[in-house]
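**Q** Chains as they are written, first to last, in full-length UniProt numbering: chain E, 1 to 276; chain W, 1 to 276.
In case anyone wonders, no lab produced these hints; they're calculated from the structure. One thing to keep in mind: the hints can contain errors.
It does not matter which identical chain is used: a pair holds within one copy or between any two.
[Said to hold, decoys possible] With a straight-line Cα cutoff of 25 angstroms, these simulated SDA-like cross-link-like pairs (lysine to any residue) come out: (1) Lys251 / Val150; (2) Lys251 / Pro200; (3) Lys20 / Lys58; (4) Lys125 / Ala205; (5) Lys26 / Met195; (6) Lys234 / Asn245; (7) Lys201 / Leu276; (8) Lys234 / Ala126; (9) Lys105 / Val166; (10) Lys121 / Arg216; (11) Lys100 / Asp256; (12) Lys212 / Met195; (13) Lys212 / Lys268; (14) Lys230 / Asn245; (15) Lys267 / Asp256; (16) Lys251 / Glu241; (17) Lys26 / Phe79.
There are 2 protein chains.
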Amino acid sequence: MNVGIIGLGLMGGSLAKAVKRYGIAKKVYGFTNSEKNKKDILDLNLVDELVDLETLKKVSDVIILAIPVDAIISMFPNFLDIDENTTIIDMGSTKEYIVKNIPEKIRKNFIAAHPMTGTEKSGPKAAIDDLYEGKTVVFCDLEDNANIHVNKAFRIFQEIGMRIVVMDSSQHDIHACYISHLPHIISFSLANTVMSHEDPKAIIALAAGGFKDMSRIAKSSPRMWSDIFKQNRKNLLAAIETFENQLNEAKKMIEDENYEVLEDWMKKANTLHEIL
Amino acid sequence: MNVGIIGLGLMGGSLAKAVKRYGIAKKVYGFTNSEKNKKDILDLNLVDELVDLETLKKVSDVIILAIPVDAIISMFPNFLDIDENTTIIDMGSTKEYIVKNIPEKIRKNFIAAHPMTGTEKSGPKAAIDDLYEGKTVVFCDLEDNANIHVNKAFRIFQEIGMRIVVMDSSQHDIHACYISHLPHIISFSLANTVMSHEDPKAIIALAAGGFKDMSRIAKSSPRMWSDIFKQNRKNLLAAIETFENQLNEAKKMIEDENYEVLEDWMKKANTLHEIL
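Work out the full structure: start from the sequences and follow the hints.
**A** See below:
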């Protein structure tokens, strides 16, 4: 089959590499409206051909949207004339708002997916060979899709080495919030805590593994994450509150010098790793 | 020289491996009062000999304290009769409270150090070959030490591959708080946020790199960290507050749907990585 990928940054670029490597795509077509990225995409040989959107729509059996979640919504009108056999898959980090807004006309073709993988980097140069290998992809609300499209999507993601999980888009957004969106807000907050100190350089000079791990995702793209936080706003606000309550509990125990209770609280946190 | 190590978990066990590997120690003696660990220490061949405390004091040119920070304080009375040529080095994560409590009689011998390295694991089996390699060790308040002891300490830590930084213990505690103690409280809080959800398993099933990194140090020893939080209580409470303010700022921007300002806030967080 021919695969068309819209957006060739970390996610789209890595997918292009994967579908080529596993011989899933006869040809990989790409579309980007970032002039800045075009040269990198060609230099890195990520796709067989960069084409305009109308061409991509015509030549692709599957179209993958690997662009920020707000851009996915803006793209919808472009697909209203798509062939009924063409599968469209979005890979956005939020699902409920996207699914709600898929135009009725393409609802059967449009598969809502979220590959649970990534790095803090972005752009075509961030694309890596094995981003999807051994990771999990969540598909949402498949009951509204035609089987031909579900099967094509399953085939692609399974053949590049992913484990498939299906759930409701509303359930997905809560899960993704805890596992990804909340950790991002926390990491950004930690980075800004240090950056707001009078001498961040002196502090960072001592940084070891723990801090590096905790601040890594604070390097992520503000453009992309702003849209995600917007689309998952309600869940995120609730999750921040739950986290704030936990942190406050710890603070109170330290204030009150309740160290035995604090140890129990940490022991509870340790149990996460029994199921992680 | 002969090196005596008190406590042979992650830090002490890894140090034993390093001083042997680099041929710094003629013999490595160990002392632990954990019956449970004795077998592991011998099975892993971490030291040449496990001895009682009085023997260790007599045969060692350098004694390293690799035990929780409160245990370091409790150990002081045992060293009052130490030979003036014997160097004692503590490797605790807090420094101000320890330095303040060093008995006058051994102040010249007692070097306050903090190697900025570790993993989330603990116990003799957690000991690894290259824990110290290429990392930074902070020495505090060296003006109160005799040169013979400073030089011995420098020699050991440099020869196992560490970079030396010196600073006041009060300054150290602020830095360590931002770089290590605050990130630990945050990671424990994040772990407990997920564990307090009705179905943590379902959430964790989707965990990818970001969440794993953010929650890794929530696996750390509650016993050890309770003491650290106690000894660095004032700085930690202040740092938690600064972090809470940052998180609150983010929450407010999301509540008010001020996404452009939120993007600027994230861009500021991105700048951390220009100096990390």
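**Q** Between Lys105 and Val166, at a C-alpha cutoff of 25 angstroms, which is it: within one copy, between copies, both, or neither?
**A** Within one copy only: 23 angstroms inside a chain, 67 angstroms across chains, cut-off 25 angstroms.
**Q** Please work out whether the CA atoms of Lys212 and Met195 approach to 25 angstroms or closer within one copy, between two copies, in both situations, or in neither?
**A** both (14 angstroms within a copy, 24 angstroms between copies)
**Q** For Lys26 and Met195, with the copy left unspecified, which applies at a CA distance of at most 25 angstroms: within, between, both, or neither?
**A** Neither way: Lys26 and Met195 sit 48 angstroms apart in one copy and 45 angstroms across, limit 25 angstroms.
**Q** Please work out whether the CA atoms of Lys234 and Asn245 approach to 25 angstroms or closer within one copy, between two copies, in both situations, or in neither?
**A** both (17 angstroms within a copy, 20 angstroms between copies)
**Q** Within a copy, between copies, both or neither: where do Lys230 and Asn245 come within 25 angstroms Cα-Cα?
**A** both (22 angstroms within a copy, 20 angstroms between copies)
**Q** Within, between, both or neither: how does the pair Lys20, Lys58 come out at a Cα-Cα threshold of 25 angstroms?
**A** within (20 angstroms within a copy, 67 angstroms between copies)
**Q** At 25 angstroms max between alpha carbons, let me know whether Lys251 reaches Pro200 within a copy, between copies, both or neither.
**A** both (23 angstroms within a copy, 23 angstroms between copies)
**Q** Evaluate Lys26 and Phe79 at a C-alpha cut-off of 25 angstroms and name the case that applies: within, between, both or neither.
**A** within (22 angstroms within a copy, 75 angstroms between copies)
**Q** How do Lys251 and Glu241 come out at 25 angstroms by Cα distance, when the copy is not named: within, between, both, or neither?
**A** both (15 angstroms within a copy, 9 angstroms between copies)
**Q** Pop the pair Lys212 and Lys268 into one bin, within, between, both or neither, using alpha-carbon distances up to 25 angstroms.
**A** For Lys212 and Lys268, the Cα distance is within 25 angstroms both inside one copy (24 angstroms) and across copies (17 angstroms).
**Q** At most 25 angstroms between C-alpha atoms: does Lys121 with Arg216 qualify within a copy, between copies, both, or neither?
**A** both (10 angstroms within a copy, 21 angstroms between copies)
**Q** Reference check for the pair Lys100 and Asp256, CA-CA at most 25 angstroms: within, between, both, or neither?
**A** between (48 angstroms within a copy, 23 angstroms between copies)
The structure shown violates the earlier hints numbered 1, 4, 5, 8.
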